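Visitor: Here are the chains, one letter per residue:
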Amino acid sequence: MEQLIVKTMADYMAEGKEPEILFWVGSAGSYDDRAKKITRAFVKLLNKAQVEFAVLGTEESCTGDVAKRAGNEFLFQMQAMMNIELLNGYEVKRIVTACPHSYNTLKNEYPALGGQYQVQHHTEFIEELMHNGRLKIESSSTLNGKRITFHDPCYLGRANEVYEAPRNLLTALGVDLVEMKRHKQTALCCGAGGAQMFKEPEKGDKDINVLRTEDALETQPSIIATGCPYCNTMMTDGVKAKEKEDSIQVLDVAELIANAENL
Amino acid sequence: MNYIPNILFAVALALGIGYFVKNVKKLVRNIKLGQDVDVSDHKDQRWQNMIRIALGQGKMVRRPVAGILHIIVYVGFIIINIEVLEIILDGLTGKHRLFSFMGGFYGFLIGSFEILAFLVFVSVVIFWIRRNIMKLQRFWKPEMTSWPKNDANFILYFEMVLMTLFLVMNATDIHFQEMHSGNVISQFIAPLFSGASEGTLHVIERSAWWLHILGILVFLNYLYFSKHLHILLAFPNTYFGKVKPKGAFNNVEAVTAEVKMMMDPDADPYAMPEEGADEEVPAKFGASDVQDLSWVQLLNAYTCTECGRCTSECPANLTGKKLSPRKIMMDTRDRLEEVGKNIDANNGEFKDDGKQLLGDYISHEEIWACTTCNACVEACPVSIDPLSIILEMRRYLVMEQSAAPMELNNMMSNIENNGAPWPYNQMDRLNWVDEN
Ligand code: SF4
Ligand code: SF4
Numbered sequence: 001m002e003q004l005i006v007k008t009m010a011d012y013m014a015e016g017k018e019p020e021i022l023f024w025v026g027s028a029g030s031y032d033d034r035a036k037k038i039t040r041a042f043v044k045l046l047n048k049a050q051v052e053f054a055v056l057g058t059e060e061s062c063t064g065d066v067a068k069r070a071g072n073e074f075l076f077q078m079q080a081m082m083n084i085e086l087l088n089g090y091e092v093k094r095i096v097t098a099c100p101h102s103y104n105t106l107k108n109e110y111p112a113l114g115g116q117y118q119v120q121h122h123t124e125f126i127e128e129l130m131h132n133g134r135l136k137i138e139s140s141s142t143l144n145g146k147r148i149t150f151h152d153p154c155y156l157g158r159a160n161e162v163y164e165a166p167r168n169l170l171t172a173l174g175v176d177l178v179e180m181k182r183h184k185q186t187a188l189c190c191g192a193g194g195a196q197m198f199k200e201p202e203k204g205d206k207d208i209n210v211l212r213t214e215d216a217l218e219t220q221p222s223i224i225a226t227g228c229p230y231c232n233t234m235m236t237d238g239v240k241a242k243e244k245e246d247s248i249q250v251l252d253v254a255e256l257i258a259n260a261e262n263l
Numbered sequence: 264m265n266y267i268p269n270i271l272f273a274v275a276l277a278l279g280i281g282y283f284v285k286n287v288k289k290l291v292r293n294i295k296l297g298q299d300v301d302v303s304d305h306k307d308q309r310w311q312n313m314i315r316i317a318l319g320q321g322k323m324v325r326r327p328v329a330g331i332l333h334i335i336v337y338v339g340f341i342i343i344n345i346e347v348l349e350i351i352l353d354g355l356t357g358k359h360r361l362f363s364f365m366g367g368f369y370g371f372l373i374g375s376f377e378i379l380a381f382l383v384f385v386s387v388v389i390f391w392i393r394r395n396i397m398k399l400q401r402f403w404k405p406e407m408t409s410w411p412k413n414d415a416n417f418i419l420y421f422e423m424v425l426m427t428l429f430l431v432m433n434a435t436d437i438h439f440q441e442m443h444s445g446n447v448i449s450q451f452i453a454p455l456f457s458g459a460s461e462g463t464l465h466v467i468e469r470s471a472w473w474l475h476i477l478g479i480l481v482f483l484n485y486l487y488f489s490k491h492l493h494i495l496l497a498f499p500n501t502y503f504g505k506v507k508p509k510g511a512f513n514n515v516e517a518v519t520a521e522v523k524m525m526m527d528p529d530a531d532p533y534a535m536p537e538e539g540a541d542e543e544v545p546a547k548f549g550a551s552d553v554q555d556l557s558w559v560q561l562l563n564a565y566t567c568t569e570c571g572r573c574t575s576e577c578p579a580n581l582t583g584k585k586l587s588p589r590k591i592m593m594d595t596r597d598r599l600e601e602v603g604k605n606i607d608a609n610n611g612e613f614k615d616d617g618k619q620l621l622g623d624y625i626s627h628e629e630i631w632a633c634t635t636c637n638a639c640v641e642a643c644p645v646s647i648d649p650l651s652i653i654l655e656m657r658r659y660l661v662m663e664q665s666a667a668p669m670e671l672n673n674m675m676s677n678i679e680n681n682g683a684p685w686p687y688n689q690m691d692r693l694n695w696v697d698e699n
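Protein chains in written order, with this note's numbering: chain E, 1 to 263; chain D, 264 to 699.
Treat the hints with care, since some could be wrong.
Unchecked claim - Which stretches of chain D does chain E cover? Using the computed rule of at least three CB atoms under 8 Å from a CB of chain E, they are:
| id | stretch |
| --- | --- |
| 1 | 365-373 |
| 2 | 511-522 |
| 3 | 579-585 |
| 4 | 635-641 |
| 5 | 658-664 |
| 6 | 689-695 |
Said to hold, decoys possible - In silico DSBU-like links for lysine-lysine, alpha-carbon gap of 35 Å or less:
| id | chain 1 | residue 1 | chain 2 | residue 2 |
| --- | --- | --- | --- | --- |
| 7 | D | Lys585 | E | Lys206 |
| 8 | D | Lys585 | D | Lys604 |
| 9 | D | Lys288 | D | Lys523 |
| 10 | E | Lys184 | D | Lys404 |
| 11 | E | Lys136 | E | Lys7 |
| 12 | E | Lys199 | D | Lys288 |
What the hints contain is simulated information worked out from the structure, not anything from laboratory work.
Predicted model only: the values in this text are computed from it and were never measured.
Virtual Cβ for every residue (Gly too), placed ideally from N, Cα, C.
This is chain D alone, in the form it adopts within the complex (with noise of 0.2 Å):
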């Protein structure tokens, strides 16, 4: 017996789970880079939103055609990946369909595999020209240029090539189809091959085969630095997003120990912190860069698929500003690749490489334009919170940098002598009463 091809299988399988494992652990490395953030409440609200909307797809039907076609995907690529563990085992032992042991059983699940390649096949087509020829406007913003925009190009290739090379080995596996038993759609595809011989139908079945297989792994590992990345991230992501309101900003603990404080007439301000006191003042407040945004910001980053949902419906950029949710998002990954790299180069030290996200990558118009509505937090199809981002940037420039814009800080000043954001007396609070 020959046993190169299944020694050339493990190696490859090695080689494609091995490079995907150590992506993995840089991308938990570069999510931990963020600041820590207690996750551990609302246990149940949380299952139950990982379940309704990432397992669920819960909130991609809010645009039915995109939704509906996204689910046949979704749906064909946890479903055929069934088919993916015979393929590895038949890989690794040498055998050829070894579940078709099953029956009538077999039939029915390749004949659905090749039903759902075929619909994914279709919608995969559908999605490209949304994007290339019907030029949806949100995927065609200004951050949706070079990588961006081939990354979503590529993804659909590749999905294209995956299941034609699955429906082709089908289709020129000769003792298959005299199975007549799943060949649902591969039937209509091996009259095309039907002038070759049995010599030439067995390399093409055992080509396509191969590169099915070899494609897969070489997806697996593209997803790290892909928006692709989100089949994976959707799970955690959507179990550690926003449980409270929307509308509840956090509170900024190291904040409320120096208000106390200030306000305590008894408190000393000279007195040295207690002994074991955690109320430790962090070194800014604020985010400038990516380490000052919280572990869940930085998932979040990862996380995003660059669907452009929340930009189009963002107040600010529909009306012709400058911010984009999606883009604060996207700059948030790559700074924060940028800063792993850097890691990487130096030893396992970030070296100051005098950049930041904040200036760098985002910049200040992009902050001051928000209206905090959370359009694009609602509109998120796999719970992202850009506006947390913002409302921290914002924090670094007010908290750290005095760099509000001049009216805010004239508002802000307001509030401070006379308890109102207008210049009015608040000792006329009240004259609405007796006026008309």
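For reference, chain E alone in the conformation it holds in the complex (with noise of 0.2 Å):
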């Protein structure tokens, strides 16, 4: 198995030197077995473009995200301050994320409780690194051409209107990027939103995954892309109900790229 370089905050204190920018992880990046390799994708990109990246490790905590969209303001205030004091304490100025969930949380609703950063979604930060030439994203011989379509996560797309950083990542790789019918402002949500992961859903007469997995079997792909890890755990789960795992892959942004560079 390949070594990943993964330094720590704490490790570039100790060096008396600054990084590019914070990786935050987040809590199914650093846990979720599935999550886990979408992280390890994303760092074998940092590595590959020897970006001077730091992660938060252990004193890294869940960025209260869930917490307040289950209406636990008091939890998410707690997770925020501890975070942000820590953040601060590092002087940390640019964040990067693999989760949209993370991504929004520290981007739009830290600031009101003192947390002022530059956050990118990684999807963002890599077509940065390609404009800047520090990555380059060919065509690839295994992906040319191979029909893929984009689910955009609520929390990246409708609530940030990040919509084309992925979709230009894809389109770099060459692949044959394919609309499901509602995609950009008109998603469908993958269901796992507003806490929803941790719960069983209300009665209904279908899953929400299952529904958003019919319309991506619509575009007849053989990779379904995300740029979430909750996403990711929907869309799989979706598939595997459809009974198209042998055929369709569910895969983030970052790992497609990887994939594509044979790292």
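With the hints as a guide, dock the two chains, each given alone in a separate frame, to form the complex.
Guide: Listed below in structure tokens is the structure:
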């Protein structure tokens, strides 16, 4: 197994140096087996582009997004203030994260509590690396012409109007990007947001992730691309529910790029 | 000269407008029952939103068919109102077609009104067909029975009748037809009355004239009881609508004060609040009834057009759950009306009626089905935010009642204990580096 180069904020501090960015890994990216693969893929890209990045490691704690959306403002603010104290202590200025929920909370909800940072989604950051020539993303032989559809995460798309960065990366890979009927502003939720990830759904006639997977299947993709660890889980489960796991993969945009680069 | 018609007209006008003003006052009073919120920020952005979304109908055209038909009715409504001005002045002065001194331009004006009236009529008929014959799904949800369903059709009938009266009035106006200018549509209606004597024509013309203006006054007063209120409230509502990114949920400042206190090691928990400290702890966190919501949220409720664009994009509703963002708005308005009537009946004081919005109108099941995806907010053509009401109710359930679903309580205690929604050790946060 290839060794990743990962340094913590504390390491940088000890060296008296400052990283270019802080990579906010998030709870899913740290603990969930599927999401950890996304984390690793993104780090491979950072290593390849020789980005001086740091993580908080064991000092990182849940952003509180899910608590806030469940209605627990106390818990949210406790988490937020702890994290802000830590981040401000390290004088963090730029944060990049592969989780749209962390992204939204850090970017939109921390400022009111004293945490002002420049926050980017990993697809935005990778796009920047590509434009600056630090990371070459080329049409790849394995993906060239493959039908891929992108599922917009609610907290990246509608919530923050980032629609193009992930699509630009997919196009750079030379894939055949096919849009679902509901996409961008009208994209259907995967069903995980608002704390639904952690509870059984209310009574209904279908699961939301299955409905969303049906949207995706209509485009006859060989890969469903995502940009959120929760969406990834939901769509993976949806594909399984439709018994399509042998023919359709669910992959994060960062994984697609890392795979194409044989990282 | 006979002044009776002028007097009758003035009385009708005064009554119509007087009653309307009374209802507007009630409307404002009810909206002000909501909590105060600061909306003094982003003035430019707010004006832009109002101009683009309300005046420019910017979001209506996302559904092109309904959007274009709606624009016709909207433009028709505004422009034909110039004619209403003439009608009112005629009625008060006893003159006939006061503006006709403008000659050719008058013909052009009336001609445009006639074309618009005809187009409005056709559009409204298509709206009726979409609702009642094609039965578009979003008009046939459980919350769209009884009054809401009738209300929608009444509005359409009203408009059909008003437009017909306007055209008949012109068609039976002999002088106007003889001008041969401006009778673009009514010239084709006039032959229908060709057998009638001049006297009969005059009676029909006068009747159409009276019914038309009385109809408008009645319609004006119908607004308060109808989803049609949106023709007025869409403007303030788009101005006061959310200007932050949709993902940004508001910060509860009272909580901030308490959390800061808890986290500050030097804070004296028994200290008296400083003189003049404005961070009062509110009576309750979140919302269980309309008075706990902000006045913008209450304005939202009165503005809702019941179009169901929100519900038709809601993932919970699309998969058969009880939640319907439109119903959240309709329930809020119904409860607010109930509270308003209660206040009227009790000399200006609200008397506890043992009911509240949460529980009696909106169930917990609806509140917990939301994924906070913002599809409803995005879809709404008049900048309503149903999600913000759902969130306030969750806050009430969690912070006041500790009534979250069990699994969510587990998730929250995990966050409290180990900084993640799952029961993993915080010391394992970096294990991914060495795993594959
Ligand atoms: S935010 Fe909630 S109510 Fe609105 S569309 Fe999404 S799930 Fe439905
Ligand atoms: S909230 Fe907006 S989208 Fe939903 S029914 Fe009311 S007006 Fe239509």
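Visitor: Would you mind marking each hint as holding or not holding in the structure?
Guide: Against the structure, the hints:
For a cut-off of 8 Å, the count of residues in the stretch 365-373 of chain D with a CB near a CB of chain E stands at 0, and the three-residue condition is violated. Only residues whose C-beta sits within less than 8 Å of a C-beta in chain E count toward coverage, and the stretch 511-522 of chain D has 8 of them, enough to reach three; the restraint holds. Here the stretch 579-585 of chain D counts 6 residues with a CB under 8 Å from a CB of chain E, which clears the bar of 3, and the coverage holds. Restraint check on the stretch 635-641 of chain D versus chain E: 6 residues with Cβ-Cβ distances below 8 Å, three needed, restraint holds.
Interface restraint, the stretch 658-664 of chain D with chain E: holds (5 residues with C-beta to C-beta distance below 8 Å; minimum three). Restraint check on the stretch 689-695 of chain D versus chain E: 7 residues with Cβ-Cβ distances below 8 Å, three needed, restraint holds. Between the alpha carbons of D:Lys585 and E:Lys206 the distance comes to roughly 12 Å, so the proposed pair stays at or under 35 Å and holds. Simply put, D:Lys585 and D:Lys604 have alpha-carbon atoms about 28 Å apart, close enough for the 35 Å limit, and the pair holds.
Pair hint D:Lys288 plus D:Lys523 does not hold up; C-alpha atoms about 41 Å apart against a cutoff of 35 Å. Taken as a hint, the E:Lys184 and D:Lys404 pair is honoured in the structure, with Cα atoms around 26 Å apart against an allowance of 35 Å. With a C-alpha separation of about 24 Å, the suggested pairing of E:Lys136 with E:Lys7 holds against the 35 Å cut-off. For the proposed pair E:Lys199 and D:Lys288, the alpha carbon gap of about 45 Å is over 35 Å, so the pair is violated.
Against the hints set out earlier in the document, violations occur for numbers 1, 9 and 12.
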